Structure formats: C-alpha cells, structure tokens
Amino acid sequence: MIKMAEDVKDEQKMQSAEPSAAENDSAGPQDMSAKIQGTVGRPFVDDAKIKMRGVNVFYGEKQAVFAVDLDIKENEVISMIGPSGCGKSTFLRCINRMNDTIDICRVEGSIQLDGMDIYESKLDVVPLRARVGMVFQKPNPFPKSIYDNVAYGPKIHGLVSRKSDLDEVVESSLRRAGLWDEVKDRLDSPGTGLSGGQQQRLCIARTIAVSPEVILMDEPCSALDPIATAKIEELIAELSENFTIAIVTHSMQQAARVSHRTAYFHLGNLVEVNETDKVFTNPDHDLTEAYITGRFG
Amino acid sequence: MVALAFFAGRSRSLAIATNVGGIPYLNSLPFYYGALTAVWCAIPSLVVLLIWNFADNYFISNMIVAELPESALELVEGKKDLLVNQVYNVAEGIMPREMAPDYIVAASERLEVILWWNRMLLAVVCLSIGILGSLFVWMKITPKFKARLHVEGVFLGVLFVSACIAILTTVGIVFSVLFESIKFFTKVPITEFLFGLEWSPQMAIREGQQGSSGSFGAVPLFVGTLLIAAIAMIVAVPTGLMSAIYLSEYADRRIRDWVKPALEVLAGVPTVVYGFFAALTVAPFIRDMGIGLGLDGFMTISSESALAAGLVMGVMIIPFVSSLSDDVINAVPQSLRDGALGLGSTRSEVIKQVVLPAALPGIMGGILLAGPRAIGETMIVVMAAGLAANLTMNPLDSVTTVTVQIVTLLVGDQEFNSPKTLAAFALGLVLFIVTLGLNYLALHIVKKYREQYD
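As they're listed, the protein sequences go chains A and B. Count along the first sequence from 1, add 54, and you get the number used in the numbering used here. Count along the second sequence from 1, add 67, and you get the number used in the numbering used here.
Bear in mind the hints are in silico, worked out from the structure with no lab data behind them. All values derive from a computational prediction rather than experimental measurement. Honestly, I wouldn't trust all of these hints.
Claimed, not checked - Computed footprint of chain B on chain A, listed as stretches where at least three residues anywhere in the stretch have a Cβ under 8 Å from a Cβ of chain B:
1) 150–160
2) 223–229
3) 255–268
Stated by the list, open to error - Derived DEER-like restraints, expressed as beta-carbon distance ranges:
4) B:362 with A:158: 33 to 41 Å
5) A:160 with B:224: 39 to 47 Å
6) A:277 with B:323: 26 to 34 Å
Claimed, not checked - Which chain A residues stay away from chain B? Per the calculated CB distances, all over 12 Å, these:
7) 113
8) 184
9) 344
All C-beta atoms, glycine included, are put in the ideal place defined by N, C-alpha and C.
Please work from the sequences and hints to get the whole structure.
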C-alpha cells in the first residue's frame, strides 16, 4: 500500500513536470507541448512506413489508448515497453486491425500504411493482414502438421499454384525462422507437438510465408525459456533486414537487444520515443527513467 | 429435534470455548460441533427407521400366522400369504368384516394392536437413539475434539451414497432387463431374434388358435429404427452444426441472446407434442407430396411414414446438436482464431480450416450423443411412423421401431410369461446395449478432445 501511494505521488510530480520537458525537447514537434501529456523524443521520421496520428482506442466506455502519434520506418525494429495494462498491446493490434475481433473495441484517429488509410470503411482487412502479419504472445500453431501450418497462408492467399513452389516457400520460411534443421524430417507431424520455442518459431515461419511487409510481435517470448528467447531474438535481428518489425515486450533487456527505437507507454499514453540506446541510458522523460530503473512496473 | 441437537452442541462448544480462552482455541468452529451433534442425532435414528420399516412386515406377518388356527395353517405355503393379505384387508377396512371368517377377524383385531405397538415402539426407539446419539457427542465436546474432520467425513459419505444411488439403479435396471431377456431367449433362440426377417409377435391365447406361432425376427425393427434415426441425423446434424457456427462465430450478441434461448425452448417441447405435429401435419403433407410427384407408381406411399417421423425427430435433436457443437466451437482457443486472422484469413477460412478441424472431435462426440436420443425416441415414432414391421428402405413407407414395439408389446393386459411380453425386454436390452455403446464412444471422444487444450 505504502509503495503504491509513493508511485502515485511520483506520477503526479512527473506529470506536472512533463510539459516543460516537452517544450525543451527540440526534436519533438512544437504542437505536442500544447497537450496535457504529449510524447517526448522522436516519434516522427521522414520516410514513414506506418504513420499513426491521434490514435484513441476505447473498450466500451473505457479509453485504453490516448491520442498516440507515432511513425515507424521501413526495416526498423521498434519496441514498445511499459507497465502491464498500459495499452501497448492494444495499440499494436490496431496496426493490422486485429481489434476488429473484439466487439466492444473502437478505434479513432488515422493509421496509414504507405499512405493508405487502413481504417477506411471500405478497406478489406484480408489483404491488409497479409501485408501486416502478427505473432502472438502464446504460440498458437494450428492443429495441423508442421508443413500445413506454414503452407496455410500461401494457400489461402493463392500465392503459389504448384506443389513444388509451395514446398519451396515452406522450406525457405522454415529456414528463415531457423527451424528447418530441427523439423525437416518430420514435416508431417503435428505442429502442436513441438516445444514452446519451436512452436513460436513455427508461428513466425507461418507469418513470413505470406511475405508480409510488417510483422507485429505481441510479447513473442513471454512464454519461452531463455534459450528459446535468445533464438527468437537472433531471428528478429535477421528478419529486420527484410521486414519492418514492431514488438511489444515486457523485458527491457530484450527491447535493448533487438530494437532500433523504443517507445515507452504509460497508462495509455505514449510518453517517450527515442533511439533505444538513448532510452536506456539517458531517457528524456522522468517516467521512462523511473520505469527502466525499476522504480515501478 | 435435530435443530435442538445442533444448538445444544454449538452452545456447549461455545461454553467450553470461553473456558479455554475463545473460539480460536477450539479445534473446530462451533458450527462443526453443532453439526456433528445434529448428525449423530439424525443419522442413526434414520438408519434404524429404514431397517425397521423393511423388517417389520416380515415379523408382523409371522406373528399373525402364529396366531391363526391350525385348520387354516394346513393350507399350502402359497395360500398363507393370501391369508395374511386378507387379515390386512379386514384390518384396513377394505374387506367387510361380515364376509371374513371368524379367525380372520380375530387376527385382524390382533393385527391392529400389533401395528399400534409397532408404531409406538418405533417412535420411542428412534427418539431415544437420537437423544443418545446427540448426548454421546455432546459429552465428547472438548477443545481437542476434531469435530471438523468428523463432519467432513459424514459429508463425504453422503456424497458417496448419492453417487452410488444412480449407479446402483442403472445396475438394477440392467439386471432386471437381462434376466427377462434370458427367459425370452430360452423360448425363442437368440439367432432367430437377431437375424430373423419377420416380426409378428402374436401368441395363441388358447390352444389351436389361428396364427398361434409368432415370429420374433427383429431385423425389420432394427432397420426401421436405423432408417428413422438416419433421417433424423441427416436433418439435425447439418442444421445444428450450421446454426452453432452462426451463433458462435457470426451472430452479434443481441441475436445470440435471442436465438439461443429460442433453440433451448425447442429442446424443452415435450416429445408428444412433436408427435402430434409429425402425425397430423408433416405425415399427410409428405404423403400428398409423394402422390403429387407421381411417386406412388414406383413405391408404397403410406400416410404414416419414416420420413415424417425422421424429419420431426431431426428437428427435435437440432438444439441438442447445436448446443453441444456451440460449446466445442467456443472451446477452440481464441488464440487460434487470432493466428489465422492475423495471417489474413477471411472469417469463413478461419472456420473451415482452423476452427472446425480443431473442434471436429468434439462435434463428432456431440453427434454420437445425439444418436442414442434418436434411436431411443419413442413418442414421435409411435404417433408418426406406424406399427407395421415392414422390412424396407423406402422412407415413404410406414416402418416401426424398437421403441414402438416395446410400447405395443407391453400396453394392455398381457400374460407376463409369454414370449410376446418377454420380447419387449429383449428389445430393451438391445436398445440399451446400442445406446450405451454409442454414449461411451461419444464421451470417450469428447474427453480425448478436452485433453488436447486443457
């Protein structure tokens, strides 16, 4: 109880100190300082792959994400960190409209992928999700064989017509996910029979088999042991050569290891976005510093 | 008295608690001491009451028989029961006193006295056992007395007995059906029953009557049952499954809130009402349509048809299939759906390629559970399918089923030992074995499926 009260006091102090911090930040756009709580650091880039402006997300009456502005550059790895319930997963799921599956969820604001508004009412989410793939917190291989798990995406999108082409896509996807050598002799056995780390890499292989442009990862390692985690992190580094990756993580070490930029969320607000090195060594915002030094979260 | 025992035990434990320094120093909460006292008050006397009720008839009869004069007792053993019955009838006023012989009247007066004493004695014994039981516990209440463990033990025992009641009843049913069936198979060979193609369960009431030799080949009944059940499943499975998919995957909450209870109402309609509907509306409609299509040139068209019964039975089973399928479809983890959607699947692709394959074992289990309902269903087929044991696969003809024949064989005045009546038990046994097998298979599949995700 006492500790929580202290946290609250800290937050209040920091929130009152925050507008001046934003004003002093020359890299941040000037209109940010007008808001009660804006974003400090570098949320914007010149050649944005994904451009998000004023994103609000509501679950029924409750607002989960408040007016977030953020750009994601091509082939960059951006990690999103923050305490539990800070809206980072919800925000991530906006990028390929996965929140559509939740009845009471409502998204406001604009999200553009290569200049195309993905929340336009006439937009078909199917091709969007083919371009923006997603890897989930818990490995969720389909109850099918390893081969069929990877072949699923190319099949439903009609990416390949011949069986030999499909074989090739499956092999190259599994290779890129670093799983080929472990499973090449048992492609027909069920995907659910693999270990947790292998399942997660299978899910990544399944995602890249569709050749998306962006991969969203929602705490991809939270259910895995350290060795499996290390493998996935290596994989993310390799994948960033070809894909734009946004990753939500609870592990600050992981964010520091894999990402180019880091975004810190707090209570539904995007508090700070900066180069990962800067966030973890010299953050602009007091809240970020409090979080990464372990004072709360 | 039980309540009294409860409060006595509780207040004593409270009193003791104040002596030793409060409730925390007792082994158990005062409630448990009270409950244990109450249990000791109630259960022994209940047990005595039960045993007494079972035993007293036997003893009283013996006492009466001992009282009866020698002349009456010289009769054979079978008549002795008859005499005792007469005594009871006179005592209860069913039989007028004037009509009975003197020694019966005397015995009946004696019986009344015995019964009165019996009741009084029972009451006294039960009350005193109750009081003794509660006193026994009441004396034993000390801070160290583990009343809680004893009460938990009693609770466990009650649960165990409840579980046994259902199982023992099932076992009892199986044996009663089994013994009657064995009697039947001594009269009619089992091979004829299982493989004979003709069913006409007529037995001569007197010697030399026309058509006295009945034939008990049950194949037409099995075929009729399977035909109707198959039609029912053809109706119920696709409809139920698709409605389950709609409800669990597509329908928004308002529609779901409205449709699901409506479907459950369908499950609550008494089968007799379905029977009316089948016999009075559907069957004539099907007959007229068959004739209208000119089918009567090729096949028999009857006003009672397997199709009518099967269709209506199918409608009856829809809620069963749909609610079971709905459950298993909902049990497919949302993460699988998310995974498929995240790859850019459409909703129908998710359902066809991910949800249904994952739910398939459970859906199969649901279908297999619905099967026995179709096979065992009685009222609809009695009213709509007819009684003629035709060996046919023509759904427009009238057929009969195992259940219908059981009903017709046992309705009315029957001699209990004739093969005709006993045949009903043999049919029942077959029905029981088939449905039990299907249920077992279904539960096995459902269980296997559950293990996959939990």
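Status of the hints after comparison with the structure:
1. Three residues within the 8 Å Cβ limit are the bar, and the segment 150–160 of chain A against chain B gives 4, so the coverage statement holds.
2. Restraint check on the segment 223–229 of chain A versus chain B: 0 residues with Cβ-Cβ distances below 8 Å, three needed, restraint violated.
3. Requiring three or more residues with a Cβ within less than 8 Å of a Cβ of chain B, the coverage given for the segment 255–268 of chain A holds, as 4 such residues are present.
4. In this structure the supplied range 33 to 41 Å is violated for residue 362 of chain B paired with residue 158 of chain A, their Cβ-Cβ distance being about 54 Å.
5. Look at residue 160 of chain A against residue 224 of chain B: about 56 Å separates their beta carbons, and that is not inside 39 to 47 Å.
6. For residue 277 of chain A paired with residue 323 of chain B, a C-beta distance near 31 Å keeps the hint of 26 to 34 Å intact.
7. No Cβ of chain B approaches the Cβ of residue 113 of chain A within 12 Å, the least distance being about 15 Å, so the stated non-interface status holds.
8. At the 12 Å boundary, the C-beta of residue 184 of chain A falls inside the reach of chain B, the nearest C-beta of that chain being 4 Å off.
9. Even its closest Cβ contact with chain B, about 33 Å, leaves residue 344 of chain A beyond 12 Å, as expected for a residue assigned away from the interface.
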